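*Asks:* One line per chain: the protein sequences are U, E and L, in this order. The first sequence begins at 1 in this note's numbering and counts up by one. The second sequence begins at 1 in this note's numbering and counts up by one. The third sequence begins at 1 in this note's numbering and counts up by one.
Note that these hints are calculated values from the structure, not bench results. Computed from a predicted model, the values in this text were never measured in an experiment. Please note that the accuracy of each hint is not assured.
Stated by the list, open to error - Stretch-level coverage of chain U by chain L, calculated; a stretch enters the list once three of its residues show a Cβ under 8 Å from a Cβ in chain L: (1) 796-809; (2) 825-835; (3) 930-937; (4) 985-991; (5) 1011-1018.
From the three backbone atoms N, C-alpha and C, an ideal C-beta is built for every residue, glycine too.
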Amino acid sequence: MVQRLKSWWKSLSKLEDQPVPERDPIVNSSLAIPLALSSLLLMLSLVWAFYEEGWGLRPWRVYQDEFQELFVSALEKKKPVSREEEQAILASSGYQELLARLRQAEESRQSDLQSLEQQEQQIRQRLAILTRPFTTARSEIQAKRYEVETASASSRESLARQLDELRQRNYRIEFPDGPQDYTFGELEEEFNALKAEQGHVQQRKVELLRAPARLQRQLNEYVNNRLAGLTEVQLDGLIGEARGQGIYIRQIHNPEINLVDRCESCHLGIREPVTLTADEMGGRRVFVSHPRPELLALHDPETFGCSPCHNGNGVGTVSVTKAHGKYKHWLWPLFAKENFEAGCLQCHQNDRHLRYADTLTAGKDLFQYRGCMGCHPRDGFDTEPRETREVQKQITDLFAEKQAEQLKAERLLNLGDRAATNEEANQLYADAQAVTLDVAAIDARVDQLRVRADELLLEVKKPGPNLKEVRMKLRPEWIPRWIENPQAFRPDTKMPQFRLSPEDVQAVSAFIWQSGVEGPLDRQPQGNAERGRQIVESRGCLGCHSVGEGEQQHGGNFAANLSRVGEKANYDYLVRWVHAPRRRTLPYCPVHARDITPEDYAGQGLPFRFDLEYNRCPLGDHSLQVQNQNVMPSLRLTEQEARDIASYLMTQRHADAQYAPVPFIEDQALFDRGRFLVRHHGCAGCHEIAGLEDEGKIGTDLTLEGSKPIERLDFALLTHDAKKEGWYNHKGFFENKLRNPAVYDQGKIKEPLERLRMPNFHLSKEDIDRLTTFLLGSQESVVPEQYHFNPSDQRADVQAGWVVVKKYNCMGCHEFYAGQPTSLVDLPQYQGDGREKLPPNLIGEGARVNPNWLARFLENPALSREDVHRNGVRPYLDLRMPSFDLSAGEVQKLVKFFQALSRQPLPYLPVPQEPLTDRELVLARGLFTSQAAPCLRCHATGDPRTDQTKTAPNFALVSERLKPDWTRRWIVHPEIISPGTAMPSGLFREEAARWVFALGRVPGLESYPGDHADLVVRYMFQFTPQEQRRLTGR
Amino acid sequence: MDWAQLWEIVSLPDNVPIVALMLLVPFFMWYGLRQSFATDRMIARLEADSKLAKDHHRKFEPYRKGWDQKVHVWPYLLRIELLAAVVVTLILMVWSITLDAPLEEPANPNLTMNPAKAPWYFLGLQEMLVYFDPWIAGVVMPTLIILGLMVIPYADKNPLGNGYYTYKQRKFAILAFCFGFIVLWLAMIFIGTFIRGPGWIWFWPGETWDHHRLVFEVNRDLPEILGITQQPWVGIFGALATGLYAWAAGWVCHRFLVWNDFNKEIYARMTLTHYLIYQFFMITMLSLPVKMVLRLVFRIKYVWVTPWFNV
Amino acid sequence: MRKFGIFLLTIVSIGLWVACGGGAESEAPADTAAPAAEAARRVDPATAASLQGKVNYSGQAPQLARLRMGADPTCDKQHSEPVYAQDLLVNDNGTLENAFVWVKSGLEGYAFDAPTGQVTLDQQGCVYLPHVLGLRTGQELRILNSDPTTHNVNPTPANNRDWNESQGPNAPEKIKTFARQEVMIPVKCNVHPWMKAYIGVVDHPFFAVTGKDGAYELKGLPPGTYTVEAWHEKLGPMEQQVTVAASETKTVEFSFGG
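Bound conformation, chain U alone (with noise of 0.2 Å):
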């Protein structure tokens, strides 16, 4: 073996011991079949780079070739289907009379027609014989004209003389009754008269034939109205267009975003006008036609193409890695399924809630209800405090102004008294003049601030409750537990899980515990814990809380789940907080940025009073902050049923719950520790807590999260994994980070304080998935200004009201678009007849509801000062339109946002309402308390007595709660305004276009010529307190 291998290397390094050919192969040796062989692979390199050419960098050729055969056969598929549904159309009655009229129509023109024919042919063939010998001769003759214009005065002479001739010449022409002479001049008039009664004929078969014209029309449309998809011929039109089409790149270009997606080029369903599904284009999903056709409709690919939502990579074609950007130096790759509505905040930075993006708008939802604003800044959320900040600024900028232009105007005058002639004296006092009015301009802005100031006192919330009242609202052995594990207590709850020590622990309840605020709190009574459940079960709490645990938890998960209070309140507070949940103990002011202690009040010799009205700060002239920042809104109870409910939520506890005494709790040492951790958490994120109130936001802005460079994103020791595993990119980033904030510190040896301090919101898959999908949109637009959704007109209104909207939960309650969910739907109290119980849902509001009124009503849903504890509205429903001490400001966007939604000009001015005459009064009336008419069966009528039975808004808010032609088309077709509504139709049948009551006769009513709903509407709008007395006085 040895010896082989050696002589191997000899025969390799010594090259005289190799054996030498007899003859020298430089010369005799040929290199014919190496050469022919290398030709030949170079000849086959060029086949395979003509391949390479044509189709493998070409890969969508084989696609289109593919998607042609198979759109086609499904075409051909869907086609007997239509032929069936057009055969039904073609056979229904309504065609079969629509035909008819068009047959009737035709026949009934056909004599007059075929004469008119006949005169055309007639003419027409006159006019063959005619033109040519015509045209000739006037041709010859203008010809001779331009000579004679032209001609020297010599020839002129003999050339006049020839265009006469030409004029007086004979022409014979051989008409088929016989042959007939002209003149030129003669012969021009034929022409001209036969053309002129051609244009007549035509003009009157025109005529005759427009009536079935118009017929024919009709039943096309007919046809095509009440057909689903397409008719036969148009999917005959489709396969002819689908077998014509070429290969070649389907290219959508914009240069104003300089846009190029060819995505089409494979995609090739996508924008065609039939449903394709993955099943009928044999199972190739990039077959499919786009699942959301609306919202092409609403972003024409022509203008936005695909990439821009979708992201990947819209030039590529070589393959479909490529094409979807999938790849490494792809920075924009396909949005995975579960987040691909991220693509939407390209334009939609400013929707709070987005139609069709649920995930999306889900995400936005999670992003403030879970608190994560509380620590990182994201433009559109927690807004308040920067807009309060922004507003001190201009205030202050606004007073030096003012000085400024008082000095000026100090200075003209001056000037104007100095001045050399009268002309600059008054041009100087008149400038003066101008400027002064200027300060009083400045004056009137910034007291408007001042009012926007204080608003936003009362706009500005926080995720968290207020930890300054936890001495008197908690439980001191509960906090600690609760601290450590959040979840442990309650597992859905928004409060997210820290990581720290049993000492860090002790120390943070010391702290939060000692920073609390004492404050009077008088001592209640038990209440009737049964009648608590009911209330809580029935008032409405369950749109926004939850009761009850695991499976019987039921409600909403808006707020905290009320299953576990019972041990950690104390319930003298929970009744005052169930009372009145934006009541403070002490107030704050921003000034001084602290609590104002009755002592101050007292020291300035004012009495110890702050609310919504009183709110000035005893230390100076400014607002105080008189409410908890938190959006529960007061359900108006009385006092006992806020006893009634805090006893029931007081049974609401684990009865084997142990508690060990927090002696530390107390522990002036722990104090300052625990201020720190507090601080360096970030809790004051989303607490209110003494001394923090001014505290910034602690986390990363999250605004252009998504656009960040991936080596930005600190995936530390887990990096190479992420690159092995295949998620190291943006998704997989934020998706580990939400399943475990802390993972990013594998393996790195930190101290406590240098960790990660994200905490750990135990969020679901589908929590996580929108969390991602918003996070993965936060990105610097590759869109232009100019195509962001940012609207001036009313759509800007919509958008403002959404966020107050999102902000108070209206959502947990109302409906305020077709089939979205609330709170309330599922629960089983509100099935079968319960339905009635529910809130009225919002559709449509705006067009129902008279915006000064509804207004009025969200200032104070109750509609009065004294009598507080009933629904302004709907007295008869239990659930109760809480109060939200909304400010001014928030009720104009809400007002604006109804009126938007339903299109209704602002302000609005209500149409004067004709008023009755005696006798309409009188039927009016009969008709109204007929026994046929159940209008008085369920509505109040504002009388006591009866008003508890009844079931349905009184009559005495109408005219001015609702709009007139709202009202009309609601009592005439209430099933399409407000679907499943207890309102009846059919009161009214149309009736030679007036609308007439058709339940029963009512005396007089059949000889009235008016329009019955129309009294009707006018009656209730013209509705007087004796009127009422009259109704219910029977």
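Given the coordinates of chain U, work out where chains E and L should sit on it, guided by the hints.
*Replies:* Positioned in the frame of chain U, the structure of chains E and L alone reads:
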């Protein structure tokens, strides 16, 4: 050990030439040398036996009586060249078909890639930056390389070895070139490509290129190590040290130049200019490996520190 | 890197180059053979079996709530003696009236003749007659108002179109149909809150409403295994598994607890 990553680097379209280089250079070295050695042996035989030298042919091995001594360029050479041309074209075709231009994402001004590497053929220079100041590595050295290559024909005082492969007769030329090209150029490129990872840190093949890797190295100047911190002494010391090196290197080169009679002959032919040029280039060339050793092994940054320049 | 593989390969053995053909990545079309829908079976009258039985009630008849029609005098006038709610009518033989018995499952894949004839729901004396009624999908429901007052008929279905139409005194009858199977659809009149009726809509003819004797019978069942359900507005649904052989007559008793 992260061979996957090594494969990633090796298989970068950018690195194809280097990979090819690693295979081809050794092969052709062997191929050429084999011929040279054969020739040398024959020359030796002829020199040993003057009689044989008289009637023996001058064609190089392998050879057999009856073969013509000379053959024409056409067709015998050209047809081979044609074949070569075809094969090379073929390779280029396949190459260009199978490997697309390695485009990356649009450059981001706020984000420098790490490691930031020059194209493969400049990696040698980039690697040099580790050992010398930019002005030396980036300006002086490249210039010298070009000048050196230009100088070769004139500096070459050895008349032998034209038109045939020989090692014995051109030992110096071959060694010098191999040293310059393989050690100082290819080796550098190799290091720059496969060894230098993020942060231009030294990663042995198979080590994971970890962006978070931290290595502790303090590079100090030679004077510092020896406790000289004061200018001008630092500068003076540096000058001396460098001078010392120059003298040592020069002495080594000189020894080589007068190694044996053959070399002596050439030495005799040299004028002073030749000699100086020869020395200058040799010393400079040698300085690179020396500096590399100082830097990599002894962690020495500069030898000669002056306010104006550092070496 | 695949392509680089090709490259090296090509360099090494050019002979292999063919193997590395064009570089298009495309997923192979998945063939989707739609399963042929098996033809719907018909019931063979020769082998038809039938189910019968009673719906028993073990508890004792409760005192039914009295319906107070004071709100609408015209209703009151029509009744000389007091009217009671019908939500739990127990017959003397300890059976239940107004229980709805139907074949819940087991008939899948059968086709039946289109329903014929109408079912009538009358509003008389401000109560619905009958109180519980069965109906086939697509079968016509005829709604009358024999009262001198206005009613509104307001079914609150879960899976059917919902509508709510008022019907004046001696107004023309309404003809309605329900397209989807649903047991049961509550019907109410908003004007007279006490009025209640339940409509069971079934997509086959095998259902019955128990009468004064509390008995039911389902004729013409094809042999097979079925889930039979008895539904009662107060007592809820109750299921039983039954297997009937060809032209067998089986008795299935339901008994609700008090």
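*Asks:* Against each hint, give a clear statement of whether it holds in the structure.
*Replies:* Outcome of the hint check:
Counting residues of the segment 796-809 of chain U whose C-beta lies closer than 8 Å to any C-beta of chain L gives 0; at least three are required, and the coverage claim is violated. For a cut-off of 8 Å, the count of residues in the segment 825-835 of chain U with a CB near a CB of chain L stands at 3, and the three-residue condition holds. Beta-carbon proximity to chain L at under 8 Å applies to 5 residues in the segment 930-937 of chain U; the threshold of 3 is reached and the given coverage holds. Only when three residues or more bring their CB closer than 8 Å to a CB of chain L does the claim for the segment 985-991 of chain U stand; here the count is 3, and the claim holds.
Here the segment 1011-1018 of chain U counts 0 residues with a CB under 8 Å from a CB of chain L, which misses the bar of 3, and the coverage is violated.
The structure shown violates the earlier hints numbered 1, 5.
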